[in-house]
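Sequence lines, in order, name chains C and U. First residue of the first sequence: 1, per this note's numbering; consecutive thereafter. First residue of the second sequence: 354, per this note's numbering; consecutive thereafter.
Calculated from the structure, these hints are not laboratory results. Virtual Cβ for every residue (Gly too), placed ideally from N, Cα, C. It is possible that part of the hints are untrue.
Between beta-carbon pairs, the in silico distance windows are [claimed, not checked]:
#	chain 1	residue 1	chain 2	residue 2	range
1	U	Gly563	C	Val70	43 to 49 Å
2	C	Asn36	U	Ser467	53 to 59 Å
3	U	Arg592	C	Met1	49 to 55 Å
4	C	Asp177	U	Val444	42 to 48 Å
5	U	Arg534	C	Glu68	50 to 56 Å
6	C	Val70	U	Leu544	55 to 61 Å
7	U	Arg592	C	Asn27	27 to 33 Å
8	U	Lys430	C	Ile252	37 to 43 Å
Selected chain C positions facing chain U (Cβ under 10 Å, derived; list incomplete) [unchecked claim]:
#	residue
9	Pro69
10	Arg90
11	Phe97
12	Gly276
13	Lys278
14	Ala280
15	Gly289
16	Ile292
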Amino acid sequence: MITIEKLTKYYGSNRAVNNISFTINDNEILGFLGPNGAGKSTTMNMIAGYLPMSAGKVTILGSDISKEPVAAKKNIGYLPEIPPVYPDMRVKEYLSFCAGLKRIRYSERKDEISRVMGLLKIEDVKDKLIKNLSKGYKQRVGFAQALLGDPKFLILDEPTVGLDPNQVIEVRNIIKDLKKDHSVIFSSHILSEVSAVCDRVVIINKGDIKAIDTIENLEKKLGGSLTLHIKIKGDRTKASNIIELTNGVQEILSIDAEGNDFFSFAVKLKEGEGDGVKNAIMAELMKYGIQISEIYSEKPDLEAVFVEMINKPDDKHGLLDLLNGTAPVNETGEPDGDEEPGEDDTDEKEDDE
Amino acid sequence: MFSIYKKELQSFFYTPFAYIMTALFMFLFTLMFNNALGNIDHPVFQFTFPDIFYNVIFFFIFLIPILTMRTFADERKFGTEVLLMTSPVSVIKIILGKYLANLTVFLFMIAGSSVFPIFTHLHGTLIMNQLICAYIGFFAWGAMFIAVGMLVSSFTENSIIAAVIGEIIMFVFLFIDDFSRTDFIMQYPKLQSFLYAFAAQPRFAYFSQGFIRLSDLVFFLSAIIICLSWNYIAIERRRWKRG
Chain C
1 MITIEKLTKY YGSNRAVNNI SFTINDNEIL GFLGPNGAGK STTMNMIAGY LPMSAGKVTI
61 LGSDISKEPV AAKKNIGYLP EIPPVYPDMR VKEYLSFCAG LKRIRYSERK DEISRVMGLL
121 KIEDVKDKLI KNLSKGYKQR VGFAQALLGD PKFLILDEPT VGLDPNQVIE VRNIIKDLKK
181 DHSVIFSSHI LSEVSAVCDR VVIINKGDIK AIDTIENLEK KLGGSLTLHI KIKGDRTKAS
241 NIIELTNGVQ EILSIDAEGN DFFSFAVKLK EGEGDGVKNA IMAELMKYGI QISEIYSEKP
301 DLEAVFVEMI NKPDDKHGLL DLLNGTAPVN ETGEPDGDEE PGEDDTDEKE DDE
Chain U
354 MFSIYKKELQ SFFYTPFAYI MTALFMFLFT LMFNNALGNI DHPVFQFTFP DIFYNVIFFF
414 IFLIPILTMR TFADERKFGT EVLLMTSPVS VIKIILGKYL ANLTVFLFMI AGSSVFPIFT
474 HLHGTLIMNQ LICAYIGFFA WGAMFIAVGM LVSSFTENSI IAAVIGEIIM FVFLFIDDFS
534 RTDFIMQYPK LQSFLYAFAA QPRFAYFSQG FIRLSDLVFF LSAIIICLSW NYIAIERRRW
594 KRG
């Protein structure tokens, strides 16, 4: 188990990671989700022991990474954002060097190297110079390096970037297979990937944790409400009146005109409502002679969860606001592209989420 | 540590790098050797290897930084520093592994130069003890400069800059001797002796005359230790403040 307690990282006066805590359980795939510059790589670098933390603690199987780095690092395989490969080495040489670094016994090295090469299907390039490999192969060589020595924990920073769709699926399958006797923490800004592979998700933005939960729970928590899409032929005002007045409808999100007399409605239902409302609307519309050409309900997907989570106002407020009881509900900042979030809310108090 | 040592050696010897360096070194040595031979006007044919070494050192200032410039700069450039830092190997062992590898290439270069004494021995007589002392001095000098070059390499991710700064520092080490003997510095005897203490050249001169003085060995050894420790601090410091 990896325990992360109150991890904080400052770059100068910029706070890249702010007081985050979570655990990675055994045999679990934890997704680490956030926009660019959210502090994902910084956090992973700290967990892997590359960057020292400004405050906080990372414990890997009982050994503190900053106090017993060698013992802690033995249990970690790390694939950074840029695969750490030497362009002038051959794949086999490189892996044998890494095996040496990880103190794999000389007698076991050969088997171990062929095992990881088989796993990532890089046997056919084993005698090539790494600089001549494509991005996808380099990525896989870097991944192979992380798997050497069969470490208990794997930290993968965007492992599928630069791979073709086929390879993406292969890598995902490898990660799923690893679950049997490993824990994986893997970062991504691609939602479908996280939802396809991970057991739990940590959503992070601007150095703050926005949510830690399973994907199902997140979906439930955020929008228990379904969205109903209705396409009708007939009078638009009449239809919208009917829909609005039906019990269980929260609001009409949008109305789009589609050609002659056709209108598409997107209707947000109240929480917990579902087919009953759908049927009621259908019955009402038909009663007033409005033809329904299409009707379906839609669950909120992870994408919506993600966007909402990231743009969610912070639970922390200025001290004054707290005292006056007028905590602001703003901060819908766009995820920005730069690597170090330039937040200057250092004097804000934080409540645990 | 051994795997880092091995990897560094591979990067020198699997590429033409070490061979070209050695060839260049041999070429310089040949020029000096030929000069020495050509200048013989004494009826007893005589020249000294220490003198040749002495001249070669000047060119060595350009060679050593080229040898060491990539040591840490390239690790940063290719992002492979992460690999080293996250593997269960301590930073000290990483530094030592790399230092020993550089030292090995340096020994390889020196070994090439042994052709000339052997050649001389075949056709004349050698003063063995002086030659051995000169080699020891030369080695100590090179070992110190390698440590300096590695230190500089850990400051930057541009290997060319590392080489140039390394050369400047080595020039300072070489010319501090002459500088401390200028009239201006001579006015301040304390400053003079302080500067002179840093001069590596006169220490080599002792070696080349066949003296192995403890103080000289201590000088070179402590310079190496200081540079390598500083190297360690520089790497750790950058990890802490990186941003």
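Do the hints match the structure? See the list:
The beta-carbon spacing between U/Gly563 and C/Val70, approximately 46 Å, falls within the hinted interval of 43 to 49 Å. The hint said 53 to 59 Å for the Cβ distance between C/Asn36 and U/Ser467, and at roughly 58 Å that hint holds. The beta-carbon spacing between U/Arg592 and C/Met1, approximately 26 Å, falls outside the hinted interval of 49 to 55 Å. Here the CB-CB span from C/Asp177 to U/Val444 is close to 34 Å, at odds with the stated 42 to 48 Å.
Distance hint check for U/Arg534 and C/Glu68: the Cβ-Cβ separation is about 53 Å, which falls inside the suggested range of 50 to 56 Å. A beta carbon spacing of about 46 Å between C/Val70 and U/Leu544 contradicts the range 55 to 61 Å that was offered as a hint. Here the CB-CB span from U/Arg592 to C/Asn27 is close to 31 Å, well matched to the stated 27 to 33 Å. One distance hint, 37 to 43 Å for the beta-carbon pair U/Lys430 and C/Ile252, is violated here, with the actual separation near 57 Å.
Given the 10 Å rule on beta carbons, the hint for C/Pro69 holds: about 8 Å separates it from the nearest Cβ of chain U. For C/Arg90, the suggested interface contact is upheld, since its CB lies about 9 Å from the closest CB of chain U, less than 10 Å. For C/Phe97, the interface hint holds, since its Cβ comes within 10 Å of a Cβ in chain U; the closest pair sits about 5 Å apart. The interface hint given for C/Gly276 is broken, as the beta carbon of that residue sits about 55 Å from the closest beta carbon of chain U, more than 10 Å.
Hint on C/Lys278 is violated. Least Cβ distance to chain U is approximately 53 Å, over the 10 Å limit. Interface restraint check: C/Ala280 against chain U, minimum CB-CB distance 58 Å, threshold 10 Å, status violated. With a least beta-carbon distance of about 67 Å to chain U, the hint placing C/Gly289 at the interface is violated under the 10 Å criterion. Look at C/Ile292: its Cβ only gets to about 57 Å from chain U, farther than 10 Å, so that hint breaks.
In this structure, the hints that do not hold are numbers 3, 4, 6, 8, 12, 13, 14, 15 and 16, in rising order.
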